[in-house]
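Q: Under my numbering, the sequence shown has 450 at position 450, and the numbering climbs by one with no breaks.
Hints are computed from structural coordinates only; laboratory data are not their basis. It should be emphasised that the depicted structure is a prediction, and the values quoted were computed from it without experimental measurement. We put the beta carbon where it would ideally sit given N, CA and C, even for glycine. One or more of the hints may lead you astray.
Distance condition first, Cα-Cα at most 25 Å in a straight line; then the derived DSS-like pairs of lysine-lysine [stated by the list, open to error]:
1. K706 / K856
2. K856 / K782
3. K782 / K701
4. K639 / K701
5. K782 / K829
6. K856 / K406
7. K762 / K829
8. K706 / K782
Cβ-Cβ distance ranges computed for the label pairs, FRET-style [to be verified]:
9. T680 / G732: 13 to 23 Å
10. Y852 / A699: 39 to 49 Å
11. D682 / E705: 37 to 47 Å
12. D611 / A71: 22 to 32 Å
13. S200 / L413: 17 to 27 Å
14. L148 / W498: 44 to 54 Å
15. S543 / L698: 43 to 53 Å
16. D682 / Y852: 38 to 48 Å
17. T623 / S652: 45 to 55 Å
18. T248 / A179: 45 to 55 Å
19. Y852 / R499: 30 to 40 Å
20. L148 / S543: 50 to 60 Å
21. W497 / A71: 46 to 56 Å
22. L698 / Y454: 39 to 49 Å
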Amino acid sequence: MSQPDTLTRSRTLKDRIEAILRRRSVTIAAAIVIVAIAIIVLQRLAADVSWEEVRHDIANVPASHLLAAIAFTLLSFTALACYDVLAVATVAPGKVPRATAAMAGASGFAISNLLGFSWLTGGALRFRIYAAVGLDWALVTGVITMSLCSIWLGITLLIGLILVVHPEGLATALGLSPALDTALGGGVLLALGGFYWWLSRGRRVLNLAGFRLALPSARMASALTLNGIADALGAALALYVLLPGDLTQNFPLFFIVYVAAIGLGLISHSPGGLGVFEATMIAGLDAGGRPEVLAALVLYRLIYFVLPFAVAVTGIALAVIMAKRREAGAFVKSVHAIARPLVPPIVAAITLVSGALLVISGNLPAETARLHILRDLLPLPVIEASHLLGSVAGVLLIVVAHGLYKKQRRAWLTATGLMAVGLLTSLSKGLDWEEAVSLALALGLMTVFRSAFYRSAGGSLLRLNWRWLLGSVAFIAAATWIGFFAYSHVDYSNDLWWRFAWAGDAPRFLRASLATATVLAAVGLHSLINAHPSALQPEPIPSRVRELVRESPLTEANIALTGDKRFLLAEDGRAFIAYADTGGSLIAKGDPVGDQRSGEAIIWQMREMADRFGRRCAFYAVTQDYLPVYLDMGMSLLKIGEVARVDLTSFSLAGPARSDFRQAHRRAGREGYRFDIVRTADLDPDMATLRRVSDAWLASKHGEEKGFALGAFTEDYMRNFDCAVLRHEGSGGIVAFANLFQGAAQFELSIDLMRYDPSGPKYAMNALFAFLLLWGRAEGFKWFSLGAAPFAGMRDHPLATVWNRIGSYVYRHGEHFYHFEGLRAFKEKFGPEWSPNYLASPRGLDAPLVLYEVNKLISGGIKGLIK
């Protein structure tokens, strides 16, 4: 491939990366715009409504309507549970018990409905549950993808039926002709019918970028669609029965508006679409200025979002409590084991709800009668301070919930402290005993679940990712609007900020809103400045590590001396692991070095350390020696290539495959070059020359020094090894060199840096290789390691894993960036023995993230890889 073609490919990849970043920026901007528009729309549509009217309408909703809404919510969540049951039966038949799939589906949606970020919360939660029962990431992705697609299949079929059966409902509202609505509906139904017919013609498999998703049969697709209809109807009717009668005359229009509100809520990243959903429903139904509609939306939030979450929390809390009892049966213990992945997201949601309760209550008027009671007990400054402190505690709980999701012990301690503060301020700011009881229950649940939060590290509690930060901003914006809505009858003036009085609810709201906005802005600024998590820095190489490297028969142990790693020593000092911290993962380079039994123990020790720090744990470029340990740990094993080793006991330069090396060896001798081994103690006089050769080689490759799995030319690193050089006998000038990795008892010989002067003889590298292998044979070494050939030996078989097919594709088509096949062909000339090389990493989507982080450690990221 010519250099212009390579540069063109590099620019194309760069353009794609920049496009991804632009799409993320567009996503954030779109979410902010949608939330802003929703707040403006809500403000205008509810301008003539008072908070007292909404409270009155909430209190006067008939009990029959509330029971109907609860019944339809139950129907919807039954369907949500069935999504996963049906999807598992299609993607992974017989691998997951139905009860487990049903629990994963229902609880996952209950949590994601409340928290928002459906893929990040509910999706990640289901990944944990299914991984715990043995599904790999490809199957879990298939289950989640199929269940999500089923939702929209059901909605699409419903819309098609509505357009055909009742075209007048939309035609009147949208100004379209009934004939056009019928035609559109017919087109939708025909398209779905064609899809089912296509599925009925045989087994269908969807291939997307190497990912294979087995599509359901036509019968199963029909079942998934009917389930989707039950879910969509249940969710929509739960709101429909709460709305006033004059707005429920046109169900087709209501359903279309409802679907649009759900979609915009998802895009906004607001928790549960708060504010955006309400604004869309009110605007779409032309229900501005009607307090009974706002009352219906508030009740819908409580019934469809909060009630299922409360049921899930109660069930899991009971499972945890009962599982801790000695007499707990096997069934309870198995339920507890399955429920364990649910605990951190549930506690995060409890904390989020508690924070939301404090913030919203701080933005609403207090009960006048209760304030009169407090007037005789507490001075006004205590009331004012309690109100402000309660709102600040609320916004901090929303922030800290992110750390609870990551199982951080500090987050749990902070959240319990903030809840205690919120409980006290709820009473001292207005005797809000309902809020205090809610916070007390939340504190009790936090205590029940405390064992799930054990990570001693994991970054700052005040550093949020952009999704959580955006959701927090959207919620605070919606809560602030609620406050302005509640005090819409109060004429604003600058004096309100400084008015302190028993009847000063509006001034207290303004000060609390300013405080919460300031706190959240400070957290956002902190998150932006510290966007990348701090990582543990490399440490000096312990003397015991150097001793174990010298005692190791395998040369790969020497890569621990690069100076860019940290070390984990076994308690008995007989083994160590060299690793790097990326901020997101602890990644070991290779297997443990030292005693096998101590090595097994230290692997578990590293896994526990990574878990405490809230990091992923991975082992890069490992052999078959410790594979059972990695499998016992629940890790997935990905083949990343093969390592070539030459048997030096029978090696020679004879044969056609090695003619290039044989000719280079002879020519070097004729032209006055000699091979020499410079011992470590004698290396300093040649160091400047070696540096010059190395710099010239790097410049000719337009590259930069690597790290982690490869050494970089530094004097401290080079002084660890003997060095093989090819120098001219007359001038003494060095034209090529390689630092030597020598295994104990002359078991194995290898090299790390092998560089030559581009202005010297073109055969210098081949000549140095030939001299080096012959020298190793003469010195009595058994093996010469040629290192790894990335992605070599990976099977591109229809039944192979997704990773194997991707790796095989990269191996065959990645020559534009790295000579994969050329590298293996070069090593094949020596007639080596090949052994597999693996990456042991967490299951699921963590594997590609770990590979990207390994690339960052070695090459500095995409830019370094391309360069």
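Q: Against each hint, give a clear statement of whether it holds in the structure.
A: Hints versus structure:
| no. | hint | result |
| --- | --- | --- |
| 1 | K706 / K856 | holds, 10 Å |
| 2 | K856 / K782 | violated, 34 Å |
| 3 | K782 / K701 | violated, 33 Å |
| 4 | K639 / K701 | violated, 28 Å |
| 5 | K782 / K829 | holds, 18 Å |
| 6 | K856 / K406 | holds, 23 Å |
| 7 | K762 / K829 | holds, 19 Å |
| 8 | K706 / K782 | violated, 29 Å |
| 9 | T680 / G732: 13 to 23 Å | holds, 20 Å |
| 10 | Y852 / A699: 39 to 49 Å | violated, 28 Å |
| 11 | D682 / E705: 37 to 47 Å | violated, 24 Å |
| 12 | D611 / A71: 22 to 32 Å | violated, 43 Å |
| 13 | S200 / L413: 17 to 27 Å | violated, 57 Å |
| 14 | L148 / W498: 44 to 54 Å | holds, 52 Å |
| 15 | S543 / L698: 43 to 53 Å | violated, 32 Å |
| 16 | D682 / Y852: 38 to 48 Å | holds, 42 Å |
| 17 | T623 / S652: 45 to 55 Å | violated, 28 Å |
| 18 | T248 / A179: 45 to 55 Å | violated, 26 Å |
| 19 | Y852 / R499: 30 to 40 Å | violated, 55 Å |
| 20 | L148 / S543: 50 to 60 Å | holds, 55 Å |
| 21 | W497 / A71: 46 to 56 Å | holds, 48 Å |
| 22 | L698 / Y454: 39 to 49 Å | holds, 45 Å |
The structure does not agree with the numbered hints 2, 3, 4, 8, 10, 11, 12, 13, 15, 17, 18, 19 stated previously, though it agrees with the rest.
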